[in-house]
Amino acid sequence: EAQVTQNPRYLITVTGKKLTVTCSQNMNHEYMSWYRQDPGLGLRQIYYSMNVEVTDKGDVPEGYKVSRKEKRNFPLILESPSPNQTSLYFCASSLKGGGNQPQHFGDGTRLSIL
Amino acid sequence: SQQGEEDPQALSIQEGENATMNCSYKTSINNLQWYRQNSGRGLVHLILIRSNEREKHSGRLRVTLDTSKKSSSLLITASRAADTASYFCATAFTGGFKTIFGAGTRLFVKA
Numbered sequence: 001e002a003q004v005t006q007n008p009r010y011l012i013t014v015t016g017k018k019l020t021v022t023c024s025q026n027m028n029h030e031y032m033s034w035y036r037q038d039p040g041l042g043l044r045q046i047y048y049s050m051n052v053e054v055t056d057k058g059d060v061p062e063g064y065k066v067s068r069k070e071k072r073n074f075p076l077i078l079e080s081p082s083p084n085q086t087s088l089y090f091c092a093s094s095l096k097g098g099g100n101q102p103q104h105f106g107d108g109t110r111l112s113i114l
Numbered sequence: 115s116q117q118g119e120e121d122p123q124a125l126s127i128q129e130g131e132n133a134t135m136n137c138s139y140k141t142s143i144n145n146l147q148w149y150r151q152n153s154g155r156g157l158v159h160l161i162l163i164r165s166n167e168r169e170k171h172s173g174r175l176r177v178t179l180d181t182s183k184k185s186s187s188l189l190i191t192a193s194r195a196a197d198t199a200s201y202f203c204a205t206a207f208t209g210g211f212k213t214i215f216g217a218g219t220r221l222f223v224k225a
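Going down the list, the sequences are from chains A and B.
If you read the first sequence in this note's numbering, its first letter stands for residue 1, the second for the next number, and so on.
If you read the second sequence in this note's numbering, its first letter stands for residue 115, the second for the next number, and so on.
Extracted from the complex, chain B is given alone in its bound form (with noise of 0.2 Å):
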């Protein structure tokens, strides 16, 4: 399988605190882009960063890529109550339309 890895697993820490999310996937990329799931619900996107990219910002989400590692981070910072969710990267192959996700990380963050 081609699938991502992500770790932790699982992740719990206070309101305020930061959180950081790895993703490591196998062969060349396009991009790579992070989602957030609500239990059960659809997942919706967060953020692309690509190949070329080093790192990229959205409002307290910071993402980093090391192509040469085959890896990439999710910071969320400042967390809060209501990130409390399944975060997962996801990988197009170079050329290819397959995507592949991660088996994803569960945020959850104590008011």
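Chain A with its partners taken away, still in its complex shape (with noise of 0.2 Å):
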């Protein structure tokens, strides 16, 4: 089944303490992105990934770093993490970046950092 998988789906920590969250798609996608959803504010774009090691920033990418090394692979990486970074997030693929594509959604990663 074609998938965009991330994990953790939910996660409470603290501050300072680093975490990534991992993303994987099967479906052999050149394009993957990392959103940020919060109240009121819709998807924000976190960072973006045209091909293997090319990534580049989005409208929000302080406090966040991420690699490409492998095609099906975009972890996000919180260094760390800060409050302000309590959010709902969202990867995504499509097979080519630019927005002609529809992208597939992973089902969410609910962050809480206290």
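Hints in this document: simulated from the structure, not taken from any laboratory.
Taking lysine-lysine pairs in the PhoX-like style, the calculated list, with each CA pair at most 20 Å apart, reads:
# : chain 1 : residue 1 : chain 2 : residue 2
1 : B       : Lys184    : B       : Lys212
2 : B       : Lys212    : A       : Lys57
3 : A       : Lys71     : B       : Lys212
4 : A       : Lys65     : B       : Lys212
5 : A       : Lys69     : A       : Lys57
Here are the in silico distance ranges between beta carbons for each label pair:
#  : chain 1 : residue 1 : chain 2 : residue 2 : range
6  : A       : Thr13     : B       : Arg168    : 47 to 53 Å
7  : A       : Gly16     : B       : Ala195    : 42 to 48 Å
8  : B       : Arg164    : A       : Gln3      : 25 to 31 Å
9  : A       : Val54     : B       : Ser126    : 42 to 48 Å
10 : B       : Gly154    : A       : Gly63     : 19 to 25 Å
11 : A       : Asn26     : B       : Gly154    : 19 to 25 Å
Only a predicted model underlies this, so the values are computations on that prediction, with no experimental measurement involved.
Beta carbons are placed, not taken as given, at the ideal position from N, Cα and C, and that holds for glycine.
Assembly of the complex is requested from the two constituent chains, each provided in isolation within its own frame, with the hints serving as guidance.
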């Protein structure tokens, strides 16, 4: 089954403790992206990747890191999480970038930073 | 911010009625997409309309695009309780790879 898988689905942690949210897709998609969703603000793009080893900042990249060493994986790293990063996070992928293909979304990761 | 804007923010209708949601954006786009999100779940793609198209249909969905006004609308005809969800427009600007989502319209369809 074609899917985007995120882990963990839920995480409660404390300020400053490094964490990684994994994202994996099995559709051989070139484009992958991370979003955060906050009430009243819709989805905001954190980082995106056009292909292996090619990443770029979205609208809200501060406090986050990403890497794209393999086509299927696109982990999101919070080196020193802070309470303002408490949010619902989504990973998505599409065949190509540039918005010409629909994006497939994971089920989301709800992060609480205390 | 280049974020698109949607209106209304929330919409409550009776089953069987039509629901119309609007999306505006700020710069030239490659295309515009509409997504649906059930409460707290991942988004599901509904329809993509290219910048050279004016109208597109998919089942009970009708999307229009007016590039001169930088706006799009999503019409859901003969709504059902199962259509209750949030609906988002998303744009990719010409020559770019960023995706910009609107803040969404929450639709509630009463049975």
